[in-house]
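Using the sequences and the accompanying hints, generate a full structural model.
Protein sequences, first through last, are from chains A and B.
Heads up, the first sequence is in my numbering, so the first residue is 948 and it goes up one at a time.
Heads up, the second sequence is in my numbering, so the first residue is 803 and it goes up one at a time.
One thing to keep in mind: the hints can contain errors.
[To be verified] List of simulated lysine to aspartate or glutamate pairs, EDC-like, C-alpha gap at most 16 Å: (1) K1279/A x E856/B; (2) K814/B x E870/B; (3) K1279/A x D857/B; (4) K1279/A x D1251/A; (5) K1430/A x E1402/A; (6) K892/B x E925/B; (7) K1430/A x E1491/A; (8) K892/B x D916/B; (9) K1008/A x D990/A; (10) K1174/A x D1306/A; (11) K868/B x E1112/A; (12) K814/B x D1105/A.
[Unchecked claim] Sample of chain B residues with no beta-carbon within 10 Å of chain A, all distances over it, derived: (13) L804; (14) T840; (15) A854; (16) H881; (17) D902; (18) V909; (19) E920; (20) M950.
Since the hints were made in silico from the structure, they are not lab data.
Every value quoted in this text rests on a predicted model; they were computed, and no experiment measured them.
The beta-carbon is built from N, C-alpha and C at its ideal position, and this holds for glycine as well.
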Amino acid sequence: MDKRKKIGDTHHNSPDTAIYTQPTPLTGAETVWATLVGEGVRDVFGYPGGAILPVYDALRKFPIRHILVRHEQGASHMADGYARASGRVGVAMATSGPGATNLVTGIATAMLDSIPMVCITGQVSSKVLGTDAFQEVDITGITLPITKHNFLVRRTEDIAPAIREAFRIAQSGRPGPVLVDITKDAQQNTAVFDFAAAAPQPYRPHPMLSADSASIREALELLRTAKRPVILAGQGILHSGAMEQIRTFAERTQIPVACTLLGLTAFPASHPLNLGMMGMHGESWVNHAIQQADLLIACGMRFDDRVTGSLSTYAPNAKKIHIEIDPAEINKNVRVDVGLIGDLKEILETLLPRLPGRDGAAWLHAISDMKGDASVHDIQQLPDNGHLYAAHVINDIWRVTNGNAIVVTDVGQHQMWEAQYYKHDSPRSLITSGGLGTMGFALPAAIGAKIACPEKEVWVIAGDGGFQMTSPELATIVQEQLKINIAIVNNGYLGMVRQWQETFYEKNYECTPLISPDFVKLADAHGIRGAHVNSRADVIPTVEAARQHAGAFLIDFHVEQEDSVYPMIAPGAALHEMIRRPKKHNPLVETATED
Amino acid sequence: MLHTFVALVEDKTGLLARVASLFRRLNVNIISLTVGGTETVGVSRTTIVAEAAEDRAPRIMASLYKLEGVLDVDDVGRHSAVIRELAMLKIAADQNTRSDLFQLAEVFRARVVDLAPESLMLEITGSAGKIEGLIQILVQGNYRILEMARTGRMAMRRGHHASRVLEELGDTTPRIDLKTLSAASRHEAPDLLEDENHA
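Structure, rendered in C-alpha cells:
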C-alpha cells in the first residue's frame, strides 16, 4: 500500500475515546497526541525532524490537523496568531537542535505579549543528553528567560503530566508560552496513559493576588473626586474577557478610554468615549488627555516605555489606579496610588455596582476642544494628488471590509498606520507584535489566525522589509488552501528605521533602502494571484477583487517612499512633546492646535 | 541596600537556575545564595542575599513567586530574624603561632577543627559581622589565610512560623503585606539586622 500522504490530506480520524476513560499503555509519541487531543487541541503547527520523528509517526492515529510550516519560526508565530485570534492555546512543534532554536523568536514574541502557547520539541535520547550529540541543544536552558515555564521530559510516564501542566501554566494568571522538550527515547518507550491522573495541580493564584476592600474603597474614592479621569485600556481586557465590563464602567462614569496598541480591540473604536491609541504614535489629543488627567485607571496594561514617554514627566498630576493580574507589574515603571491585583473582570464587577455617579461632560468637552481639527477624521476627503499613501491604503481596506476583518500586521510604519486608520470594533480583530516588535510576524501569524477562525476574513498588512523575513510561508498558505489576503505596503525602505534616520540621524539612510523581488511574481510562483497598485483610484477595486477571489491574493501597494508616521514622540521626550504632522508635502495634514 | 530573601522551592532539577536567572534578568546582583533541605520532604530552602534599592524588594518577591516551583517567598530582612553564616578558614600556623590562634578562636567562639604541622583550620558560625571581625583581626595580625570558604547567609524569622505548610495548619498571620507593594518606598520596616550584620 502506498503510505505516501497526498498533499492536502488532513488527518481526521475519529478519536478513540476509550483511552481517556481507562488507563491504556501507549508509546510516548502516542501519549503526546493523546494528551493534546485531551486538552482540546485540533491544530498543530510544526516541522518534523530526527528527534521528533516518533511523534510524527504516530500523528495518523489522532484527529489533529498538522500544518507543515516552512521554517519553525513560522510555527511559533502561527501558534501565537492562533491564540491571539481565538483565545485558545496555540501549539507549535519542532525537532531538536536547529528546529528548537528556530522557535525562539516566536516564543519571545509570545512571552513579551503574554500569549498562551505550548511548544513541543524533540530532544536527543536521554542516554546521550549532555554529550553534544547530533542536533542536541539545551533548549530548556535557552528558553528559560523567554518562557513562563519549561520542561525537559526524559521518561514516557512524565509526558502527559508535563503537557497537561504546560497547558495549565500557559493559560492561567498572566498567560504566556511554555515549552516541553521530550527526549527521543521517552517518545519511543511505552507507559500507561492515564489522562485523568495526569491532571495538573490546580492553578495556585499568586499569593499577592488581592484586591482588598480597603484598596477598593480607595479606588472608589479616587473615582468619586476625579475631575479629569482617563481609562487606559490594555490587552489584559481581552485576556480576562472583560470587554463588556470595561464598556459599562466607561459609560456609567463617562470616563474616556485610551487604548494601548495591544488593547486597541478591547474597546470599540467607534464608541464615542474611545479616544484612540495612546503613546509614541498616538494622536495628540489622546496623549494630551493623559498628561492633563488627574486620575488614570490602568486596566490590564503595563506602562510600557512606548506608551509613557519619559517617566519623570508622565501624567504628573494624575493619581493612578492599576488593575493588573501580575503583581510584578505594580510599581514597575510608574508608581501607582492604588494597585488592585487580580482578574480584571472580577475586579471591575466588584467596582461596577459601587461606582459613583459623575458628570463627565466638562472633561469630555475639553478633550474634544483639544482635538480641534487635529483629527483627520476622514482622510478620504483629501484630494488625490497623484501619490499613493499608506494611510489611504489602510483606510480603504477598513472601509471595504466594513471593519470586520482580522488584520494581522508586521512591525514598522505600516503597523502604526494600521493602528491609526483601521478602526477595530470587534475584540481580537487586530493581531500584532507589540512588546518584542518582531518583523516577519504578520504572514505566519495570519495563517494561525485563519486556521483558528476559518470563517473570518483575514488580511495581512506588512511592509516590504518584514514580509521578506518569512515570505516562504506563502507555500504554507497554498498547501493548506487558505484564503488570506495580503497587502504589502511597499515603500522601498525599512520605513520606520528610515524615519528614525530622517529624524534623529540627519537623513543618513544607512542600510535602509532595499530592493525587493516583484511580490506579484513571487505570489504567482506559489500559485497565488496578485496585483500591483500604484494609484489611489486602484486601491478599492483591487481590494474588492482580492476579496472576491476564492484563493489567497497578494496586493503590492507601491506607496510614497519617504512618508513618515505622525504624531511621533522622540525617545526620552515627554508624552505631550509630540512631533506633529508636517504641513508641507503631506496631504494628511492636520492644522495643529496649540500644544 | 542588602535584601535577604528566603524562598521555599520544589526540590527539582533546574529550579536553582531559574532563581539565579531571574536575578540576572532583573539586573540584581546576588551577594550570596544558599540552598538546602527543609522540614518538608521535596522542598528546598533558598536564602538569597542581594544588593538592590530598597523599593525593589516587592517586585523581586513578586517575580520570584511567578516562577513555577517557588512555593513561598519571605523578605526576612524586613523582620526580626536570626541570620547566620558559616566560614572555614585555613591559616598558616606552626608551633610558635598556634597558641595565639587558639586564643583568638576562643574569643570569637570559633572551633579548631583541623591541625596540621604548618596550618590549622577554624570553623566559625555567626553573623556576617562576627566573621568579618575575625578575618579583620587575622589580616591585621599578619596571619596568612591560606584558604577561606563561606556558606553565605541562612536566615529564619524569630518566633514566627514562616512556612506556608504551617499556615495551612492554622497559622493565619498574613504572609505578604500588600501595602508593601503599593507603598514600598514609604515602608519603614525596622531593620533589626543592620547592627548585627555589618561590622
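Worksheet entry | Pair hint outcome, K1174/A versus D1306/A [Cα-Cα no greater than 16 Å] | Distance ~9 Å between K1174/A and D1306/A Cα, so the pair holds.
Item to complete: Starting from K814/B, check that the Cα of D1105/A is at most 16 Å away, please.
Response: It holds: about 14 Å lies between the C-alpha atoms, which stays within 16 Å.
Worksheet item: Straight-line Cα separation of K892/B and D916/B no greater than 16 Å?
Response: Answer holds: K892/B to D916/B is near 9 Å, not above 16 Å.
Worksheet item: Just checking, V909/B versus chain A, shortest CB gap more than 10 Å?
Response: The claim holds: V909/B sits with its nearest Cβ about 44 Å from chain A, beyond 10 Å.
Worksheet item: Checking the smallest CB distance to chain A, is M950/B really beyond 10 Å?
Response: About 31 Å separates M950/B from the closest Cβ of chain A, which puts it past 10 Å; holds.
Fill in: Restraint check for K1279/A with D1251/A, where alpha carbons must lie at most 16 Å apart
10 Å, holds
Worksheet item: Is the Cβ of D902/B more than 10 Å away from each Cβ in chain A?
Response: D902/B clear of chain A: closest Cβ-Cβ about 50 Å, beyond 10 Å.
Worksheet item: Holds or violated: are the alpha carbons of K1008/A and D990/A at most 16 Å from each other?
Response: 14 Å, holds
Fill in: Least C-beta distance between A854/B and chain A, which was stated to exceed 10 Å
Check passes; 14 Å lies beyond 10 Å.
Fill in: Status of L804/B, Cβ more than 10 Å from any chain A Cβ
Holds: least Cβ distance 21 Å, greater than 10 Å.
Fill in: Given pair status - E870/B, K814/B, alpha carbons within 16 Å
Between K814/B and E870/B the Cα gap is close to 11 Å, so the pair holds against 16 Å.
Worksheet item: Taking only the CA atoms, is the gap from K1430/A to E1402/A under or equal to 16 Å?
Response: Holds, at about 10 Å.
In this structure, every one of the numbered hints holds.
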